[in-house]
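Chemist: If you're matching them up, the sequences are chains A and B in order. Residues in the first sequence are numbered from 1 upward in steps of one, following the UniProt record's numbering. Residues in the second sequence are numbered from 1 upward in steps of one, following the UniProt record's numbering.
FYI, nobody ran anything at the bench for these hints, they're computed from the structure. In this text the structure is predicted, and so the values were computed from the model without any measurement. Treat the hints with caution; some may be incorrect.
Claimed, not checked - Here chain B is said to cover these stretches of chain A; the calculated rule only asks that three of the stretch's residues, wherever they fall, bring their Cβ under 8 Å from a Cβ of chain B: (1) 25-31; (2) 83-90; (3) 126-135; (4) 223-236.
Unchecked claim - Among chain B residues calculated to face chain A with C-beta under 7 Å, some are: (5) PHE4; (6) ASP8; (7) GLN21; (8) LEU25; (9) PRO125; (10) ALA126; (11) TYR129; (12) TRP225; (13) ALA226; (14) ASP229; (15) HIS233; (16) PRO238; (17) PRO242; (18) PRO243; (19) THR254.
Even glycine gets a Cβ: it sits at the ideal position worked out from N, Cα and C.
2 protein chains.
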Amino acid sequence: MSEFLSVDAFRDALHAIGERQYHDLHPFHQQLHGGQLEKGQIQAWALNRFYYQVSIPRKDLTIMSRMDDPKLRRAWMQRVLDHDGLNDHGQPDEGKVGGIERWLRLTDGLGLDRDYVISLEGILPATRYAVDAYVNFVRDHSLLEAVASSLTELFAPSIHRERIAGFEKNYAFANDSTLSYFRKRLDEAPRDVEFGLNYVLTNARTAEQQRQCLRALRFKTELLWAQLDALHHAYVTPNLIPPGAFVPADMRPTEYRR
Amino acid sequence: MSEFLSVDAFRDALHAIGERQYHDLHPFHQQLHGGQLEKGQIQAWALNRFYYQVSIPRKDLTIMSRMDDPKLRRAWMQRVLDHDGLNDHGQPDEGKVGGIERWLRLTDGLGLDRDYVISLEGILPATRYAVDAYVNFVRDHSLLEAVASSLTELFAPSIHRERIAGFEKNYAFANDSTLSYFRKRLDEAPRDVEFGLNYVLTNARTAEQQRQCLRALRFKTELLWAQLDALHHAYVTPNLIPPGAFVPADMRPTEYRR
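Assemble the whole structure, with the sequences as input and the hints as a guide.
Modeler: Structure (structure tokens):
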């Protein structure tokens with residue numbers, strides 16, 4: 001078994017997971033950012049990713065439900081307030097637009113009906129399974145592992161910058177409204193991850209706990225990856241849409257015959 | 001909203017789900033049965049499907065843990081005994097080979113190392129999410145919906161017959177040992193599903209309960225389908241193996257580059 005790592009070596013090991021398997025490496029993202037996807041394919045991505053977005057507060061509240069320390073809960077609460085668009089008193093605030101609303105401005109800009117998006121009716125079953133696996137993971141594993149699984153935020157700013165630049169360059173739907181989610185996350189993610197990273201570096205006190213954290217982060221990268229695999233299979237190559245899932249206006253439903 | 005259906009109409013509606021979206025329609029199965037897959041692709045299928053096999057008793061015991069009626073539990077217990085290779089006294093029995101062991105004889109015959117198969121190390125994350133979604137479904141939904149989700153067994157004998165014939169015709173690894181799982185299920189599944197179908201037809205007493213049963217069966221077909229989507233994407237088209245997943249001896253790991 002491996003040895004207990006120094007803080008620097010442990011931090012490096014966490015970063016190495018992103019280098020190897022963060023979903024910026026996935027062909028779907030490379031095509032998305034490179035301007036190679038049609039509108040219907042981007043709609044499918046935004047529609048499916050909406051289920052991830054609405055599940056993030058459930059995930060964060062599940063994590064918080066496992067925290068004994070009120071100070072810790074208070075720090076983590078910021079994520080839920082940001083996502084739901086609430087001010088520091090937990091109230092709706094005209095000046096504050098939440099992450100879920102920002103995502104809906106993206107789906108609006110892509111021409112998707114809001115009620116349809118919110119209904120989740122057209123998402124790929126595989127999206128649901130992967131996202132639910134995340135919520136279940138933070139419920140069923142240690143608090144330390146749950147926090148470690150959030151550390152993909154270490155790698156998020158660079159993919160968001162790439163996405164903003166790629167969308168602005170390549171797609172007519174790119175504007176302040178449709179890009180606002182990603183711009184906002186450029187501010188929020190570094191603050192969130194600084195807290196989570198510090199927590200993990202401080203609280204992984206044995207080699208076994210360090211390994212658990214590394215596994216948790218790998219688990220998280222896998223579920224992000226699996227969502228793109230499903231999108232890629234359904235809407236790009238080989239473009240086989242599962243029965244019942246969203247069919248973009250520029251595609252026909254896939255016919256499956258015995 | 002829809003009306004309460006007669007028993008015959010309800011049974012037809014259940015069957016219609018299989019007609020529309022049972023996974024015998026999936027291109028991966030058509031290629032598998034038609035002799036178009038290489039050994040490494042079939043290994044990947046058997047390896048991943050093993051996680052489904054070992055999870056079935058967990059699923060059945062979860063269902064049983066929700067049954068108040070000892071007679072019902074006793075009837076359902078047969079599935080667990082069959083899968084685990086136990087006799088009617090719940091004991092190992094030399095004369096009885098369980099479903100999990102039969103599946104391992106298939107992976108043996110395909111040249112996979114048993115310890116590797118059992119470790120689950122190489123399975124696709126998407127396989128894990130879909131299978132776990134099944135176990136979670138029967139825990140989180142009504143007993144009626146849990147039983148209804150098992151009714152894909154209505155459609156199983158025909159796919160098993162197709163598989164046995166296709167394997168015998170097309171693949172050198174086909175023999176009594178590697179096919180024994182499927183041959184055994186030809187006997188077991190009709191008995192199991194007769195019980196489950198009768199339960200559902202009798203206990204769905206409102207239009208809403210009928211709709212829940214239809215949704216549960218559709219949910220189950222979706223998760224079977226999603227497993228094949230993931231296999232197809234990783235090992236057939238476009239053949240992009242996720243980082244860390246099983247790489248057959250006749251394939252190279254997929255290289256992902258920024």
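Chemist: Run every hint past the structure and note whether it holds.
Modeler: Evaluated hints:
| no. | hint | in the structure |
| --- | --- | --- |
| 1 | 25-31 | holds (count 3) |
| 2 | 83-90 | violated (count 0) |
| 3 | 126-135 | holds (count 6) |
| 4 | 223-236 | holds (count 8) |
| 5 | PHE4 | violated (24 Å) |
| 6 | ASP8 | violated (24 Å) |
| 7 | GLN21 | holds (4 Å) |
| 8 | LEU25 | holds (4 Å) |
| 9 | PRO125 | holds (4 Å) |
| 10 | ALA126 | holds (5 Å) |
| 11 | TYR129 | holds (4 Å) |
| 12 | TRP225 | holds (5 Å) |
| 13 | ALA226 | holds (5 Å) |
| 14 | ASP229 | holds (5 Å) |
| 15 | HIS233 | holds (4 Å) |
| 16 | PRO238 | holds (4 Å) |
| 17 | PRO242 | holds (5 Å) |
| 18 | PRO243 | holds (4 Å) |
| 19 | THR254 | violated (9 Å) |
Hints 2, 5, 6, 19, counting from the list given before, are not met by this structure.
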